[in-house]
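Let the hints inform the model, and build the full structure from the sequences given.
Quick note on the numbering used here: the first sequence kicks off at 76 and runs consecutively.
Hints in this document: simulated from the structure, not taken from any laboratory. We put the beta carbon where it would ideally sit given N, CA and C, even for glycine. Any given hint could be a false lead.
To be verified - Here are the simulated DSS-like cross-link-like pairs (lysine-lysine), alpha carbons at most 25 Å apart as the crow flies:
#: 1; residue 1: K655; residue 2: K567
#: 2; residue 1: K622; residue 2: K144
#: 3; residue 1: K667; residue 2: K682
#: 4; residue 1: K526; residue 2: K279
#: 5; residue 1: K606; residue 2: K152
#: 6; residue 1: K526; residue 2: K463
#: 7; residue 1: K567; residue 2: K720
#: 8; residue 1: K171; residue 2: K77
#: 9; residue 1: K328; residue 2: K291
#: 10; residue 1: K396; residue 2: K495
#: 11; residue 1: K279; residue 2: K649
#: 12; residue 1: K77; residue 2: K122
#: 13; residue 1: K132; residue 2: K99
#: 14; residue 1: K298; residue 2: K489
#: 15; residue 1: K136; residue 2: K667
#: 16; residue 1: K526; residue 2: K293
#: 17; residue 1: K328; residue 2: K404
#: 18; residue 1: K143; residue 2: K291
#: 19; residue 1: K441; residue 2: K495
#: 20; residue 1: K77; residue 2: K153
#: 21; residue 1: K463; residue 2: K425
Unchecked claim - Restraint ranges, calculated between C-beta atoms of paired labels, are given here:
#: 22; residue 1: K152; residue 2: D438; range: 36 to 44 Å
#: 23; residue 1: K606; residue 2: E218; range: 36 to 44 Å
#: 24; residue 1: I523; residue 2: V712; range: 44 to 52 Å
#: 25; residue 1: I523; residue 2: T725; range: 57 to 65 Å
#: 26; residue 1: D438; residue 2: K171; range: 35 to 43 Å
#: 27; residue 1: L360; residue 2: Q139; range: 44 to 52 Å
#: 28; residue 1: N464; residue 2: C337; range: 16 to 24 Å
#: 29; residue 1: F680; residue 2: C705; range: 17 to 25 Å
#: 30; residue 1: Q139; residue 2: E218; range: 55 to 63 Å
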Amino acid sequence: MKRLIICEKNIAARRIAYILSNGKAKQGRIYGIPYYYFDDTIIVGLKGHIKKLDFPKEYAKWSQIEPKKLIDVEPVKKIGEWRIANAIRKLASQAKSVIIATDYDREGELIGVEIMDLLPKNIEVKRARFSAITPGEIKKAFEQLEEVDFNLAKSAEARQYIDLIWGASLTRFISLASEQLGKDFLSVGRVQSPTLALIVEREKEIQDFVPKPFWKIKLRIEKNGIEFEAEYPEVIWDEEKAKEIYEKVRRAKEGIVTHYECKLKQDVPPPPFDTTTFLKEASHLRISAPQAMKVAEELYMNGLISYPRTDNTVYPPLPFKNILQKLAKVYPKEVREVLSMMRSKPVAGKKFSKDHPPIHPVDAAKLDGIHAKIYDLIARRFMATLSKNDVLEVKKAKINVEGIEFVADGLIIKEKNWRKVYPTKIKEKVLPDLKKGEKVKIIGARKIKDKTKPPKRYTQGSLIVEMEKLGLGTKATRHEIIGKLYERNYIKGRSITPTPAAFAVVDALKEGAEIITKPDMTAHLEQEMDKIAEGKKSFEEVVEESKEILRKAFELLEKKEDEIGEAIKEAVEKQNYFGKCNKCGGDLILIKSGKGKRFIGCSNFPKCSNSYPLPQKGSVYFEGEYCSKCGAPMITVIYKGKKWKKCADTNCGKN
DNA sequence: GCAAGGTC
76 MKRLIICEKN
86 IAARRIAYIL
96 SNGKAKQGRI
106 YGIPYYYFDD
116 TIIVGLKGHI
126 KKLDFPKEYA
136 KWSQIEPKKL
146 IDVEPVKKIG
156 EWRIANAIRK
166 LASQAKSVII
176 ATDYDREGEL
186 IGVEIMDLLP
196 KNIEVKRARF
206 SAITPGEIKK
216 AFEQLEEVDF
226 NLAKSAEARQ
236 YIDLIWGASL
246 TRFISLASEQ
256 LGKDFLSVGR
266 VQSPTLALIV
276 EREKEIQDFV
286 PKPFWKIKLR
296 IEKNGIEFEA
306 EYPEVIWDEE
316 KAKEIYEKVR
326 RAKEGIVTHY
336 ECKLKQDVPP
346 PPFDTTTFLK
356 EASHLRISAP
366 QAMKVAEELY
376 MNGLISYPRT
386 DNTVYPPLPF
396 KNILQKLAKV
406 YPKEVREVLS
416 MMRSKPVAGK
426 KFSKDHPPIH
436 PVDAAKLDGI
446 HAKIYDLIAR
456 RFMATLSKND
466 VLEVKKAKIN
476 VEGIEFVADG
486 LIIKEKNWRK
496 VYPTKIKEKV
506 LPDLKKGEKV
516 KIIGARKIKD
526 KTKPPKRYTQ
536 GSLIVEMEKL
546 GLGTKATRHE
556 IIGKLYERNY
566 IKGRSITPTP
576 AAFAVVDALK
586 EGAEIITKPD
596 MTAHLEQEMD
606 KIAEGKKSFE
616 EVVEESKEIL
626 RKAFELLEKK
636 EDEIGEAIKE
646 AVEKQNYFGK
656 CNKCGGDLIL
666 IKSGKGKRFI
676 GCSNFPKCSN
686 SYPLPQKGSV
696 YFEGEYCSKC
706 GAPMITVIYK
716 GKKWKKCADT
726 NCGKN
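Structural data, given as structure tokens:
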């Protein structure tokens, strides 16, 4: 055997083998790792990074090491994927040359470089760079092999170092200062902390929000037996003005149409799914981002959908009709519809990258439960992107009533095309055909008082969209970051609400290490990585500069350590407080058993053994209320988007 | 037990 090609993942290895061998590559396995071979070529896929970065194990005990000491400890790289490492060693020992064919990006370059010390000395190593796994791109890349770009790999390595050093030292500092150790530790990181800060800031806006009253005047109007509504065109902030307008029109019997237009509007189907929009839509279906991603990965592994981690919203040339034929097994009716109304070119989104195609089905199968839901979403979205525009009829009218102009609008779906296969929420509103100058009958008038509403809390979907906008995380990590914030008890609920600990930790970091609470740290790191890649700055310089900033942050943090620790402790206590004990007057607090089960116990234990069970799933709160029947605290439970209150005492008849 | 980034 002569050449060994190493890809970032198995699927890429399989596809590249197929392309380079014109379909005749065969599959083998070594140490359980699949590889592909033909003629003089072997192709194997990694599983992303095979090495992991961590501090040497003598620094593993949090309580024995001052967190800031970690800044000056050299992290070590260890192999994390032994089976793959051994497979590479074995396969390379038979090869004369190696071609690194990992993804064409920073992390891909580093993933490739990580295997280089497993190769025999002096073996020739080349790099194939392609931005799409298509026959054209792949063949070109393998004809024009390049050199490995060590600067590019180093730039990714700088990110690894900086993330580990900042993350680990600050995580330990905050956790130790607040004595939140073991499973209750409080984490800090370049991506998670700015994300948490967004959530906390939003919550503060909500808390500080002062609603402002305003008034609307609405008229009920009739024409040719069709009733509709017209509204005073502006929001009225002044009650006197609202009264004045209302008084003028309340007894009006007719109005005159001063303007009328009716237009047909083409309504283009939504663009193909990239990871972000996919997760956003899943969030609308009340499926969490981590769960949607997990299911998508399973569907992908079972050959039902394309690679789920992509930033691309523009299809490459795909066998669309072929895919539709496969979908017909599960969606016979919908596929017939789509075939009868196919657009000449599928819809294209604004984001275009060549890494992977947008998420689309590649085969069909009857599925159950959440897999069916996610698959259905992806399959229907795909079909919609191939379907003709819907046609909307949009109407607008202005109606003069007692010298005051009111507006009315209408919207109906005139021609339903893509919505037949991908139903979306759209509110239809009937407005009869009108003519300029004609009279309409006023049935009634209403003065409606309303008030401005606070900003909405993030959902997982809207948060992922915001993270992407701010450059926080990647398509492959954003959902995991959000999952982490839940796991660390920083956030709760479907409409994301920060816990007291989140407020306290963000405040503490803002005082001592503000940069890690802002997206700017990522933006700056990106620039520094580019400098390393371009050879304008060294890895050492960038890492050292970053460490210097972190050292300064620690000077501040250590000065305020007690204060910070107290504030967080207090917040955590508040979070775990479940009211006064109705047996002894002590505090009822949330306690975790050795097995990790939670329950409410009395702080005077063992003197007082009062305790109540808690549901193990969902969020539980105490909102200051006690049961009117037995005096035990009332517990608010939030689970699967529902919220209810119950008496902590399960034997109390009140439940 | 810490991060974020790949991937399963």
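Each hint, compared with the structure:
For the hint pairing K655 with K567, the CA-to-CA distance comes to about 24 Å; that is within 25 Å, so the pair holds. For the proposed pair K622 and K144, the alpha carbon gap of about 11 Å is at most 25 Å, so the pair holds. Distance hint between K667 and K682 is fulfilled; the C-alpha atoms sit about 19 Å from each other, no more than 25 Å. Taking the CA atoms of K526 and K279, the gap is about 19 Å. The hint holds against a cut of 25 Å.
At roughly 23 Å between alpha-carbon atoms, K606 and K152 fall within 25 Å of each other, so this suggested pair holds. Restraint check for K526 and K463: not satisfied, since their Cα atoms lie roughly 41 Å apart, outside the 25 Å limit. Pair hint K567 plus K720 holds up; C-alpha atoms about 16 Å apart against a cutoff of 25 Å. A distance of roughly 5 Å separates the Cα atoms of K171 and K77; the hinted pair therefore holds under the 25 Å criterion.
Taken as a hint, the K328 and K291 pair is honoured in the structure, with Cα atoms around 19 Å apart against an allowance of 25 Å. Using a Cα cut-off of 25 Å, the hinted pair K396 and K495 holds, with the two alpha carbons roughly 18 Å apart. Between K279 and K649 the alpha-carbon distance is near 18 Å, which keeps this suggested pair within the 25 Å criterion. The straight-line distance between the Cα atoms of K77 and K122 is roughly 23 Å, inside the 25 Å bound, and the hint therefore holds.
For the given pair, K132 sits about 47 Å from K99 by alpha-carbon distance, which is inconsistent with the 25 Å threshold. In summary, the hint linking K298 to K489 is supported, as the alpha carbons are separated by about 21 Å, within the 25 Å threshold. Between the alpha carbons of K136 and K667 the distance comes to roughly 22 Å, so the proposed pair stays at or under 25 Å and holds. Of the pairs offered as hints, the one joining K526 and K293 holds, with about 16 Å between alpha carbons and a cut-off of 25 Å not exceeded.
Under the criterion of a C-alpha separation no larger than 25 Å, the hint pairing K328 with K404 is inconsistent with the structure, at around 59 Å. At most 25 Å may separate the alpha-carbon atoms for a hinted pair to count; K143 and K291 exceed this at roughly 59 Å. Using a Cα cut-off of 25 Å, the hinted pair K441 and K495 holds, with the two alpha carbons roughly 20 Å apart. For the hint linking K77 to K153, the alpha-carbon distance of about 29 Å lies beyond 25 Å, and the restraint is violated.
Our distance criterion of 25 Å between C-alpha atoms is met by K463 and K425, whose separation comes to about 19 Å. Checking the proposed 36 to 44 Å range against K152 and D438 shows it holds: the Cβ atoms sit about 39 Å from each other. One distance hint, 36 to 44 Å for the beta-carbon pair K606 and E218, is violated here, with the actual separation near 32 Å. Here the CB-CB span from I523 to V712 is close to 35 Å, at odds with the stated 44 to 52 Å.
Checked against the given bound of 57 to 65 Å, the beta carbons of I523 and T725, roughly 45 Å apart, lie outside it. Between D438 and K171 the CB atoms are about 38 Å apart, so this pair conforms to the stated range of 35 to 43 Å. Distance hint check: the CB atoms of L360 and Q139 are about 47 Å apart, consistent with the given range 44 to 52 Å. Separation of N464 from C337 is about 18 Å and conforms to the stated range, judged on CB atoms against 16 to 24 Å.
In this structure the supplied range 17 to 25 Å holds for F680 paired with C705, their Cβ-Cβ distance being about 20 Å. For the pair Q139 and E218, the supplied restraint of 55 to 63 Å holds, since their beta-carbon distance comes to about 56 Å.
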